[in-house]
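Visitor: So the sequence lines, in the order shown, correspond to chains A and B.
Per this note's numbering, residue 22 is the first one in the first sequence, and the count goes up by one each step.
Per this note's numbering, residue 462 is the first one in the second sequence, and the count goes up by one each step.
Heads up, some of the hints might be wrong.
[To be verified] Residues of chain A placed beyond 10 Å of chain B at every Cβ, according to the derived structure:
| hint | residue |
| --- | --- |
| 1 | L170 |
| 2 | E226 |
| 3 | L310 |
[Said to hold, decoys possible] Taking CB as the label site, the calculated pair distances span:
| hint | chain 1 | residue 1 | chain 2 | residue 2 | range |
| --- | --- | --- | --- | --- | --- |
| 4 | B | G670 | A | P138 | 43 to 53 Å |
| 5 | A | L84 | B | K566 | 50 to 60 Å |
| 6 | A | R147 | B | G705 | 49 to 59 Å |
| 7 | A | L36 | B | I723 | 56 to 66 Å |
| 8 | A | T237 | B | P526 | 35 to 45 Å |
| 9 | A | L45 | B | L656 | 31 to 41 Å |
These aren't lab readings, by the way, just hints derived from the structure by calculation.
Yeah, the Cβ is synthetic: ideal placement off N, Cα and C, and Gly gets one too.
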Amino acid sequence: MDFVKFFARRLGRLLLTVFIISTLVFFVVRVIPGDPALIIAGMDASPEDVQAIRVKLGTDKPLLSQYLVWLSSIARFDFGTTLISGEPVIKLIMERFPLTLTLALLGISIGIFVAVPLGVMSAVKRWSLWDYFGLVFSQLGMAIPSFWLGMLLLILFAVKIRILPLFGADTPAHFILPAVSLGFARAAIILRMARASMIEELSKEYIITARAKGLTERMVKYKHALKNGLLPVITVTGIQFGYMLGGAIIVEQVFSMPGLGRLFLFGIYQRDFTLIQGGVIFVAIIFSLVNFLADILYSIVNPKIRVE
Amino acid sequence: MADAKELLKVENLGVCFIHGTMEAHALRGIDLSFYEKEIHGLVGESGSGKTVTSTCIMGLLPSPPGEITSGRILFENENLLELSQGQMRSYRGRKIAMVFQEPSKYLNPAFKIGEQITEMLRLHLDMNKEKARERAKELLGLVGLGKDGRVLDSYPHELSGGMKQRAMIAIAISCNPRFLIADEPTTALDVTLQLQILRLIKELKDLLGMGVLFISHDLGVVKEVADRVSVIYAGRIVESSTKGTLFDKPLHPYTKLLMLSIPDAHRRGQRLATIPGRVPDADATPSGCAFHPRCPLADDRCKSENPELRGNEDGHKVACHHAGESWNI
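Pulled out of the complex, with its shape left as it was, chain A reads as follows (with noise of 0.2 Å):
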């Protein structure tokens, strides 16, 4: 019972989250100066084919009809045309899709599988070696973009040793480079959570009562400790991965690979209010129910936190 109402409360802050970044997006791009028309017009256009493509865009009608036209459509996921090439917007974000939540996929379980287990040793055996190689690591993968690492690696395995394909998507090998440069910034954040969550559980009080209970050891930290250490690093984890599925514009760009967040630039360089509008709603989207999603795992782990 307490799940049902936790579902449908986070729910309705998912729902609600996506009507107030539509409404954001919808009065910003009204806001910024310029009339999509007549940059689709061009500088010559007489007045009367500004007016056509207005009426055209809808942008004619008043402020608040074009609102609720706009609301609408989004609830439809609809997100009109680009203006340059006069496609879909959705069937364009969805083309590129495929490849960035793979790479984000790759790049988010790089980043847990090394740096829970890693995060976790560094709290247990607390300034032991284990931990130095653990806050060196933490501390390098936050420190160094990851464009750049994406940049030397490239050069280490593409150039000189060539074992990797340098450029694009085509097969699983490509998909290497660009997912270890992405998932080594987030396991370095990943990793400081695990740790400083696993140190905190570890000096409450329920571990002095699995100690007087006669557990070993490795259960009162392996269970006790770590079923409570894990739940912040589930919400972290979550929101790192709602970032990637956004798109790694820079990534992206450095390995030629055609994602998300090469579309969104292309669609700013060209002005495509249509497809930047649409590129926004759509990661604030994702975004939001990554985050849901997280808070459901989070109270499936944490049952407590239902009724707080």
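Guided by the hints, dock chain B onto chain A, whose structure is given.
Guide: Showing chain B alone in chain A's frame:
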């Protein structure tokens, strides 16, 4: 009570906490005896060494900074202080169990009550999953949490404070321990619940034949539950006796002052007595009798000479140069 079997004995236990070059003597040689089917109340103010005593018995004294400087803890012909951590683990939870002050903090929020009970049964008594669950259900019935086992599938946050403490007790008694330490088990509860929990501990003590160390800062609570009472002050036992004798005829001025600070219906309208000052820090224990700066009877001898804990013929022990003397309040 004289024929009761001795279960656990603390002899001359000394504990010191070392912080850099500072040494804090938390326990300065205490002796305590615990008998089967007997609740031994240990009373003292915060910082007097009650919890350090229980941590030592459990073998959970954090070291560093804690260090046991002297003494023995005898249980079933073994000196617990000489056991390895691995050997000690087979005593903890199995033969010596503990109930803590704040059940909401001392229960793991991420596990169901059932899991928190059965993991002990499976570890210590080698039960399989079904048998452990059956036994856990019985235990919940025993502590008054219903016979239908509904609480097994509850998380701690779904229970009230009193229920949580009952669950904590169910965990502690799950393996039929010989000895139970209850560290201020009612302090975090409402007064009405306190009495219920105290009764429960008494009942379980008789049912399972356990010896119980009952730690409290509240002499009123100890009067309710204990059979024998020891008063601890600044890391030393200052008075120890059966409950009747101690409450009828307290000999140590500290014990008398503690009793005067219990609210009593017969003294309605009078101001409650308070003891001036506070327990000295363990790194700055006064010379002589540690209580002398706060004691109404203190003289020069008390400042220089530490009184020993001496017993009279009926086993009433006291450590005071002026034992039994009275003064004008």
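Visitor: If a hint holds in the structure, say so; if it does not, say that too.
Guide: How the hints compare with the structure:
With a least beta-carbon separation of about 36 Å from chain B, L170 (chain A) lies farther than 10 Å from that chain, consistent with its non-interface assignment. With a closest Cβ-Cβ approach of about 4 Å to chain B, E226 (chain A) is found to fall inside the 10 Å limit, against its non-interface label. Here L310 (chain A) stays apart from chain B, with its beta-carbon at least about 26 Å from theirs, past the 10 Å limit. Between G670 (chain B) and P138 (chain A) the C-beta distance comes to about 46 Å, which sits within the given range of 43 to 53 Å.
The given range of 50 to 60 Å is respected by L84 (chain A) and K566 (chain B), whose C-beta atoms sit roughly 55 Å from each other. The hint said 49 to 59 Å for the Cβ distance between R147 (chain A) and G705 (chain B), and at roughly 51 Å that hint holds. Separation of L36 (chain A) from I723 (chain B) is about 59 Å and conforms to the stated range, judged on CB atoms against 56 to 66 Å. Between T237 (chain A) and P526 (chain B) the beta carbon distance is about 24 Å. The supplied range of 35 to 45 Å is therefore violated.
Against the hinted window of 31 to 41 Å, the Cβ-Cβ separation of L45 (chain A) and L656 (chain B) comes to about 59 Å, which falls outside the hint.
In this structure, the earlier hints numbered 2, 8 and 9 are contradicted, and the remaining ones agree with it.
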